[in-house]
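Order-wise, the sequence lines are chains A and B. Numbering of the first sequence is given in the numbering used here, commencing with residue 104 and proceeding in unit increments. Numbering of the second sequence is given in the numbering used here, commencing with residue 2 and proceeding in unit increments.
I should point out that these hints are in silico values taken from the structure, not numbers from a laboratory. Values in this document were obtained by computation on a predicted structure and should not be read as measured data. Do not rely on the hints blindly, as some may be mistaken.
Unchecked claim - Simulated DEER-style distance windows between Cβ atoms:
no., chain 1, residue 1, chain 2, residue 2, range
1, A, Ser156, B, Leu80, 25 to 35 Å
2, B, Asp389, A, Ala211, 45 to 55 Å
3, A, Glu215, B, Glu99, 53 to 63 Å
4, B, Glu289, A, Asp230, 42 to 52 Å
5, A, Asn173, B, Pro290, 44 to 54 Å
6, B, Arg91, A, Ala211, 36 to 46 Å
7, B, Leu80, A, Asp135, 13 to 23 Å
8, B, Glu6, A, Gly155, 29 to 39 Å
9, B, Gly74, A, Gly155, 53 to 63 Å
10, A, Ala211, B, Thr161, 31 to 41 Å
11, B, Lys212, A, Asp135, 27 to 37 Å
12, A, Arg152, B, Leu434, 21 to 31 Å
13, B, Glu7, A, Asp135, 20 to 30 Å
14, B, Val245, A, Ser156, 55 to 65 Å
What the hints assert, rightly or not - Sample of chain B residues facing chain A (criterion: CB under 8 Å; computed from the structure):
no., residue
15, Ile9
16, Leu13
17, Asp22
18, Leu160
19, Ser164
As the list claims (entries may be wrong) - Over the 10 Å line for every Cβ pair with chain B, so calculated as not near, a few chain A residues:
no., residue
20, Thr138
21, Pro162
22, Asn173
23, Arg216
24, Gln217
25, Thr242
26, Gly243
Backbone N, C-alpha and C define an ideal beta-carbon position, used for all residues, glycine too.
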Amino acid sequence: MKKKGARLEEIERLYSTRYQHFVQVARAVVGDEATAHDAVQDGFSHAIRRRGSFRADGPLEAWVWRAVVNAAISARRRKSAFNPFEIVPDTASDDGPGADKEIRAWIAALPERQRLAVFLRYYADLDYRAIATTLGIETGTVSATLSAAHAALRRSISPEEVSP
Amino acid sequence: MTSSEETIRSVLTRTVPLPPDSGRNWDDVVARSAATARIVRARRLVYAVVLAATVATVIAITPLGAVIARGFGDFSGWLSGQAGHPASTREQQTFAQESRHSWVQFPKTPALRSLITASRDGVRYELFGYRTGGSYCLRLVASGAARSRYTSCALRSDLTARSAPVLPVLVDAPINGKIAGRISERASVSFGITSDGVAGVRARTKSRGLKGIVAGDSFLIVYVLPRVGERTRSISASDSNGDVAAIPFAQAPFENDLGPGTARRPLGPWKLERFVKGAKISWLEKREPRGRAVPERLLRATRVLPLSAPTFERLLAPDPNGTKRLIVSLRKNGYVCLDEVSAGSIGGSCGPLKQLFSDNWIGAFGAGSMGGGLGGSQYMTNVGLVSDDVVRMTLFLATGERIAVPVKDNAFGVDVARTAYPIRLVAYDRDGLVIGINTIPDLAGGSAGKPAKDAAWKPAFHVRSPGGETRTLSLVRSTTGGLCWKATPFVIGRGSGTPPLCPDEYSWEYRPPVSLPSEVTGKSMFFYGRVAPFVVRVAFHLVNGEIVSVIPRHGYVLMAVGGPTKAQPRPVRMIVGFDKNGKEVGREDLREWVSLDVLARKYHLSPVPKGQASK
Numbered sequence: 104m105k106k107k108g109a110r111l112e113e114i115e116r117l118y119s120t121r122y123q124h125f126v127q128v129a130r131a132v133v134g135d136e137a138t139a140h141d142a143v144q145d146g147f148s149h150a151i152r153r154r155g156s157f158r159a160d161g162p163l164e165a166w167v168w169r170a171v172v173n174a175a176i177s178a179r180r181r182k183s184a185f186n187p188f189e190i191v192p193d194t195a196s197d198d199g200p201g202a203d204k205e206i207r208a209w210i211a212a213l214p215e216r217q218r219l220a221v222f223l224r225y226y227a228d229l230d231y232r233a234i235a236t237t238l239g240i241e242t243g244t245v246s247a248t249l250s251a252a253h254a255a256l257r258r259s260i261s262p263e264e265v266s267p
Numbered sequence: 002m003t004s005s006e007e008t009i010r011s012v013l014t015r016t017v018p019l020p021p022d023s024g025r026n027w028d029d030v031v032a033r034s035a036a037t038a039r040i041v042r043a044r045r046l047v048y049a050v051v052l053a054a055t056v057a058t059v060i061a062i063t064p065l066g067a068v069i070a071r072g073f074g075d076f077s078g079w080l081s082g083q084a085g086h087p088a089s090t091r092e093q094q095t096f097a098q099e100s101r102h103s104w105v106q107f108p109k110t111p112a113l114r115s116l117i118t119a120s121r122d123g124v125r126y127e128l129f130g131y132r133t134g135g136s137y138c139l140r141l142v143a144s145g146a147a148r149s150r151y152t153s154c155a156l157r158s159d160l161t162a163r164s165a166p167v168l169p170v171l172v173d174a175p176i177n178g179k180i181a182g183r184i185s186e187r188a189s190v191s192f193g194i195t196s197d198g199v200a201g202v203r204a205r206t207k208s209r210g211l212k213g214i215v216a217g218d219s220f221l222i223v224y225v226l227p228r229v230g231e232r233t234r235s236i237s238a239s240d241s242n243g244d245v246a247a248i249p250f251a252q253a254p255f256e257n258d259l260g261p262g263t264a265r266r267p268l269g270p271w272k273l274e275r276f277v278k279g280a281k282i283s284w285l286e287k288r289e290p291r292g293r294a295v296p297e298r299l300l301r302a303t304r305v306l307p308l309s310a311p312t313f314e315r316l317l318a319p320d321p322n323g324t325k326r327l328i329v330s331l332r333k334n335g336y337v338c339l340d341e342v343s344a345g346s347i348g349g350s351c352g353p354l355k356q357l358f359s360d361n362w363i364g365a366f367g368a369g370s371m372g373g374g375l376g377g378s379q380y381m382t383n384v385g386l387v388s389d390d391v392v393r394m395t396l397f398l399a400t401g402e403r404i405a406v407p408v409k410d411n412a413f414g415v416d417v418a419r420t421a422y423p424i425r426l427v428a429y430d431r432d433g434l435v436i437g438i439n440t441i442p443d444l445a446g447g448s449a450g451k452p453a454k455d456a457a458w459k460p461a462f463h464v465r466s467p468g469g470e471t472r473t474l475s476l477v478r479s480t481t482g483g484l485c486w487k488a489t490p491f492v493i494g495r496g497s498g499t500p501p502l503c504p505d506e507y508s509w510e511y512r513p514p515v516s517l518p519s520e521v522t523g524k525s526m527f528f529y530g531r532v533a534p535f536v537v538r539v540a541f542h543l544v545n546g547e548i549v550s551v552i553p554r555h556g557y558v559l560m561a562v563g564g565p566t567k568a569q570p571r572p573v574r575m576i577v578g579f580d581k582n583g584k585e586v587g588r589e590d591l592r593e594w595v596s597l598d599v600l601a602r603k604y605h606l607s608p609v610p611k612g613q614a615s616k
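Chain A on its own, in the form it takes in the complex:
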C-alpha cells in the first residue's frame, strides 16, 4: 500500500538542500529575486499545509516543485502580465557569448508549459518523470516538449555555435 502524506522533516530537508534551485526557477518565472524568494516561501508553506494529501505515487520533490511553481506563477500574475524572462538579464552582460540573446528570446517566446519544462530540466536538474509530475502532464509530453525546445534552439542558433 502506498503511504499517504509527507513528513514535515522531509519537506524541510528538501528546503534546506534545494532552496537555491527553487529560488532560481522561481526567479526565472517571476523576474526578480525578492518575489522569487517570496514565492518559494509561499510554495513551501502550501506544501506544509497540504502535506497530508501527498500520495507517494510520484517523488515528493516533484510534488513540492509543483507547489512552488504554482506559487511563482501566481506571484507573477499578481505582479504584472509581462514575460519576466525578457527583463531578467541583469546579470547577462553584453560580453557573454553571442547566443545568449537569441536563446533568451527563444525561451521568452516558448509557451509557458514548455518554458517551465526547460527551467525544471536545466535549473533544477529534474528528470522527465519529475517534470511530468510537477507540471501535471505525461512523461511523453515532457520528452516531446523538450525535443521541441531543442529543435527550436537549433533553428534559432547559428551552426557555428551549436553543433548539429
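Use these hints to put chain B onto chain A, whose structure you have.
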C-alpha cells in the same frame, strides 16, 4: 549531454545565476503556513456562523475569533520599526554608552524608540523599544524613589505567528526601593508588545485588578506595593469595539511555585535514527582557537566561582547575527563548562568532558541545555554543546512551530517562549538522520490542583539536621487526583520550606529521576521533593564518605545534612536513585555544585532568592 543542452544550460545559468543561500528561512515558511491555517479556520468559522444564522434565523451569533482578528489589528507597528517614536538624543546616547559597557555588545547600537513614560508613587517609568537581529526588545528604566532596569526581548517569529493581540515579555518584575528605611519591593511591573488595535490591557492577581497603560504599541502595568508572593494570574486585552481577548502568558515564579503547567505533550521525533559512538568536539580537544579569546573582564567574572581552574577558554557566537555569546572552558579537573554571557550576568553549568556525550538518548548533546532568564521573563534560554556529528538542529515547540537552531563551533543557543514548552531539541547528521534528542519539560511543572477540602495533611517525613533545625514534609490528596505537598516551617522572609504545591502528574520519560531541590540555611542543608515513581531508594553520598539512604514515601523524600561552609561548600557529593531490582536509575553529581549562600557571604552579595539556591 548534447552540446545544445550544454548551451541552453549555460545561457540559462548566466541569465539567472544560482542565488545566494543566505535568504533561506524555514521559520518563515512554518510561520506562513500557520498564519494561513488561522485565516482558513477563521473563514470556516464565519461560514459556520452564516450557516447557523440561516438555519436559526433568529439568533445573532458573533464569530468572536474573526471579529477579534479584525478589531485588534496586527503587529505591523513593531515589525516595521515604527512603534512609539524615536527616543531623544540624550536617551539614545545613554543607551549607547551603557551598551558599550555591557558584557553583550551590539555590532551597532540599535535605534531606540520611546514607547511609554509614566509616574507612579514617586517612581518614573520609561519604556523603550529596539530591534536587534531577530529580536524585538523592551527596556524599562525606573528612576526616582526606586531604581531598576529591565530588558527583555521577544522573537520576531513569535510576533509574525502570534494569534493573540498582546505579547507580554516580562511579568511581575520587582521594582525595589526604600520603604521606612529598608530596601523593599515598592512595585512590580509587567510589560510587553501590543498589536496596533489594542485599546486596553488589564491584569488580575488573586486579589486585585490592574489597569495597564497602553501606548506606542506597548503596555505597562505597575502594581504599587504588591502583596508578598502575589502574582499576575490573568491578562486580557480589549479593542476599541470593547471586544476582549485572553492573553496567554507564563506566570512568574514565586518561591517553588512556578505556576500552572501547560499540560501539553512535546512534539517532534522521539526516536533516534542513528546512535553516535565516540562523539566528540575535535577542536575543543585539540584546543584550537575557535571563536574569540575571552575578554579579560569576562574572565574575571567567570573566576568568581570557586570552580576548578580553567586551562582553555573561548568565547563563541552560535549565531553570528545574534547577540548570544557563550564561553566554553576546559577545567583542570577534566570538566568542561559552558556559560552564557548576558547583559548583566554570566551563568552556566559544568560536567566531566569524558561524559559529555555519554548518555545514549542525548547522544549528540553535551552539557544538556539549560533554562535561563529573569523570574518573570516570558522567554527561557537553551544553550548547549553538540558533537562534530551534528550538522543542524531543529527546535520543536509544543505549539506546533519549528525553529532552526543556529549552531556554530559546536555550540547552540536559542530563546524559547515559556508558553511554548515542553520543547524538543533535535539534532541531525549529514544524512538527515536524527542523532540527538533532548526533551525539556515545561518548567512550571503544573500546580493546577488544590488540596482537597475534605482531606487532612499527613506528615510523610520529619527530620532534624545536625545543626538542630527541623523540616517536615507533608502530603495531602489534591483536587486533581494527585498529591499536594509542602515543607514546613514555611517562612517567606527566610526562604524556609515551601508553600503547598500540587504538581500535575507527568511523564518521567525525560526527567532526571532524582533531581531534588535543596534549601540551604546557615546551619543546615535540606533536600526535599519528588523523585520518579520507579525510584524505591535514594542514596545521598556525603563528602565524608558516608551514604545516607532514604526510602521515598508516595514518591517524595526529605533529607538533612549540616550546612555548607567555606571549608566544605559541598556537603553532598552525589544523589543516586535505585529501582526495585537494585539497579541504578538516576544520578545527580553535585561535585560542581556551589552554595550560592556561601558565595553571597564570601563576596558580600545581596541575599540570594531561595528559588535560585539550588543547582
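Here is how each hint holds up against the structure:
1. A:Ser156 / B:Leu80: 25 to 35 Å: For Leu80 of chain B against Ser156 of chain A, whose Cβ atoms are near 32 Å apart, the range 25 to 35 Å holds.
2. B:Asp389 / A:Ala211: 45 to 55 Å: holds (48 Å)
3. A:Glu215 / B:Glu99: 53 to 63 Å: This hint holds: roughly 58 Å between Cβ atoms.
4. B:Glu289 / A:Asp230: 42 to 52 Å: holds (43 Å)
5. A:Asn173 / B:Pro290: 44 to 54 Å: holds (49 Å)
6. B:Arg91 / A:Ala211: 36 to 46 Å: Violated, at about 58 Å.
7. B:Leu80 / A:Asp135: 13 to 23 Å: holds (22 Å)
8. B:Glu6 / A:Gly155: 29 to 39 Å: holds (38 Å)
9. B:Gly74 / A:Gly155: 53 to 63 Å: 32 Å Cβ-Cβ, so the 53 to 63 Å window is violated.
10. A:Ala211 / B:Thr161: 31 to 41 Å: holds (36 Å)
11. B:Lys212 / A:Asp135: 27 to 37 Å: Once the Cβ atoms are compared, 48 Å apart, the range 27 to 37 Å for Asp135 of chain A and Lys212 of chain B is violated.
12. A:Arg152 / B:Leu434: 21 to 31 Å: holds (26 Å)
13. B:Glu7 / A:Asp135: 20 to 30 Å: Roughly 27 Å apart at Cβ, these two residues keep to the hinted range, so it holds.
14. B:Val245 / A:Ser156: 55 to 65 Å: Between Val245 of chain B and Ser156 of chain A, where Cβ atoms are some 37 Å apart, the hint is violated.
15. Ile9: This hint holds: Ile9 of chain B lies near chain A, its Cβ roughly 6 Å from the closest one there, short of 8 Å.
16. Leu13: Where the cut-off is 8 Å and the nearest Cβ of chain A is about 5 Å from Leu13 of chain B, the hint holds.
17. Asp22: holds (6 Å)
18. Leu160: Since chain A brings no Cβ nearer than about 17 Å to Leu160 of chain B, farther than 8 Å, the hint is violated.
19. Ser164: Cβ of Ser164 of chain B sits 16 Å from chain A, so the hint is violated.
20. Thr138: Nearest chain B Cβ is 12 Å from Thr138 of chain A, so the label holds.
21. Pro162: With a cut-off of 10 Å, Pro162 of chain A remains clear of chain B, as the shortest Cβ separation is near 16 Å.
22. Asn173: Given a closest Cβ separation of 14 Å, the condition holds.
23. Arg216: The claim stands: Arg216 of chain A keeps its Cβ more than 10 Å from every Cβ of chain B (closest is about 17 Å).
24. Gln217: The claim stands: Gln217 of chain A keeps its Cβ more than 10 Å from every Cβ of chain B (closest is about 12 Å).
25. Thr242: Thr242 of chain A clear of chain B: closest Cβ-Cβ about 18 Å, beyond 10 Å.
26. Gly243: With a cut-off of 10 Å, Gly243 of chain A remains clear of chain B, as the shortest Cβ separation is near 19 Å.
The structure is inconsistent with the numbered hints 6, 9, 11, 14, 18 and 19, although it conforms to all the rest.
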